[in-house]
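Residue-level listing of the chains:
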Amino acid sequence: MHASMGTGLGLKAEHLAQAIDAVAPGLWFEVHPENYMVDGGPQLEALDTVASRHPLSLHGVSLSLAADATPDAAHLARLRRLIDRVRPALVSEHLAWSHWRGRYAPDLLPFPRSHAALARIVDNIARTQDALGRAISIENPSHYLQLDGHDYDETHFFGELVARTGCGLLLDLNNVFVSSHNLGVDPLVYLDAYPMQAVTEIHLAGHAPDPLLGGSLLIDSHDAPVADEVWNLYSIVRLQLPTIPALIERDGNVPPFEALMAERAMADRLQLDARQAA
Amino acid sequence: MTHTLADFQDGFVQAMRGEDGPLRAIASQPGFAVYRNTWMKACINTIEANFPAVACLVGHEWMRSAAAAFALEHMPMDGRLTNYGEAFPDFLATSVATTELAYLGEVARLDWLFLACGNAADASTLHAGQLAACSTSGLASTSLRPHPTARWHASPLPARTIWEASRSGRAVTGDLAWMPEATLMLRIDGQVRVHAIGDSSCALLDACHAGLALGAALDLAMSAGDATRMDADLLHLVAIGAFADASPSLTKDTP
Numbered sequence: 246m247h248a249s250m251g252t253g254l255g256l257k258a259e260h261l262a263q264a265i266d267a268v269a270p271g272l273w274f275e276v277h278p279e280n281y282m283v284d285g286g287p288q289l290e291a292l293d294t295v296a297s298r299h300p301l302s303l304h305g306v307s308l309s310l311a312a313d314a315t316p317d318a319a320h321l322a323r324l325r326r327l328i329d330r331v332r333p334a335l336v337s338e339h340l341a342w343s344h345w346r347g348r349y350a351p352d353l354l355p356f357p358r359s360h361a362a363l364a365r366i367v368d369n370i371a372r373t374q375d376a377l378g379r380a381i382s383i384e385n386p387s388h389y390l391q392l393d394g395h396d397y398d399e400t401h402f403f404g405e406l407v408a409r410t411g412c413g414l415l416l417d418l419n420n421v422f423v424s425s426h427n428l429g430v431d432p433l434v435y436l437d438a439y440p441m442q443a444v445t446e447i448h449l450a451g452h453a454p455d456p457l458l459g460g461s462l463l464i465d466s467h468d469a470p471v472a473d474e475v476w477n478l479y480s481i482v483r484l485q486l487p488t489i490p491a492l493i494e495r496d497g498n499v500p501p502f503e504a505l506m507a508e509r510a511m512a513d514r515l516q517l518d519a520r521q522a523a
Numbered sequence: 174m175t176h177t178l179a180d181f182q183d184g185f186v187q188a189m190r191g192e193d194g195p196l197r198a199i200a201s202q203p204g205f206a207v208y209r210n211t212w213m214k215a216c217i218n219t220i221e222a223n224f225p226a227v228a229c230l231v232g233h234e235w236m237r238s239a240a241a242a243f244a245l246e247h248m249p250m251d252g253r254l255t256n257y258g259e260a261f262p263d264f265l266a267t268s269v270a271t272t273e274l275a276y277l278g279e280v281a282r283l284d285w286l287f288l289a290c291g292n293a294a295d296a297s298t299l300h301a302g303q304l305a306a307c308s309t310s311g312l313a314s315t316s317l318r319p320h321p322t323a324r325w326h327a328s329p330l331p332a333r334t335i336w337e338a339s340r341s342g343r344a345v346t347g348d349l350a351w352m353p354e355a356t357l358m359l360r361i362d363g364q365v366r367v368h369a370i371g372d373s374s375c376a377l378l379d380a381c382h383a384g385l386a387l388g389a390a391l392d393l394a395m396s397a398g399d400a401t402r403m404d405a406d407l408l409h410l411v412a413i414g415a416f417a418d419a420s421p422s423l424t425k426d427t428p
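Protein chains in written order, with my numbering: chain A, 246 to 523; chain B, 174 to 428.
Among the hints, erroneous ones may be present.
[As the list claims (entries may be wrong)] Computed footprint of chain A on chain B, listed as stretches where at least three residues anywhere in the stretch have a Cβ under 8 Å from a Cβ of chain A:
1) 196-207
2) 214-220
3) 241-252
4) 350-361
5) 388-395
These aren't lab readings, by the way, just hints derived from the structure by calculation.
We put the beta carbon where it would ideally sit given N, CA and C, even for glycine.
Start from the sequences, fold in the hints, and give me the full structure.
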């Protein structure tokens, strides 16, 4: 992790010039590596430029660690090439699956946290870390379904992944809030049991009510400002994690760069408050 | 619940595709629609983004309907969604719904080539001076390699004219000549440049891409077009940067 990383932003194409020129202390950027797994061209050159000015995080969406299959070797090779090229401070993936029997569903799909799933995912993370030559961090997913067949609760599952692979954790507080709401559990109970000592990055994002079901089902939509409830969780978590880098994610209804920088300033203020309270 | 992880994943994919299967209880939960909608929406959004000229021609609703039908038949192969849609031009060309819009598949092909050109590997270009340094016999036995960004297509329709108008948001004028058009795209200084070329130039690029020596490639290309223009066509292709710097190959093949 880069010592100077404070609060970062997801890099949006429409903000590229401002992102390159921005000089705010602690600013860093995150991208999905899949969007840069190309042979050449201006998009890759732009990423080189951003990486030359700011710390960078590669946040994968398609490694499919929870599939009952080993990670795609070609994908790992492409990811390794990109890592060697831009030298990111952080590399992360999701606790989910998306690639199955030669096809890719562009989503982060759930699974029963069984003993067999744990063994498979431990092996997949180990293979990934070996191929990449570094530890990765794993993000907690958003949940929309009640699944049977769990042998572990999610926090315990993450603890086992950390213990068995040495991976880090990416704590997405919006996902914690959305999942807790949808599954009817208390987010503070989740956070109390979460293995905070392994966290390398925090994610903050907005959510939205389901267009058909309304507020009974929240969607991890990334198309709105960070919600007050998520800011509250952030303030609480910051008491335990005063220096871990945080990220503002925004993928839909993308506002001007200045608006995201204002949200970033909010995160910095809450982080400072937590430090002073500690 | 006694599913193995693989069984669960087979059943989940089945349910996402709207098929009955062992996970029907899970699929009946209200939240399941989130997964079903998300992957489909991502596929549709990607096709719409990767084929902007087609989207402009057919409009938002038609495009999303065609993209949804395509996604059900052709799920992405991996997470690189800039690579998703290679089969979409053929899908459009053979779709019953587009028999009255026969040019859509050809326009889609140019959208696809534009995308591929923009993301292709960087390489320096071959300059005319490098060819001039070769003897005539050496030149004939030299292999020229199309530049990695070069993408070309000979359409039986005026696809480029329609595509360019659509990309720039213009209506195609009523005096459109319904003639074949061949197109070459090259990325120069980060910008994709679009060139009108002849059938013989297309044939020459095909032959060079297949690894034929320049002499054989020119012979083949002459049979495809105006033989008297072949030297000029070759020089034009070199001048616009259609070939990669082939210095090692020239050195190797030149006596």
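Find the hints from earlier in the document that the structure breaks and name them by number, from lowest to highest. Violated: hints 4 and 5.
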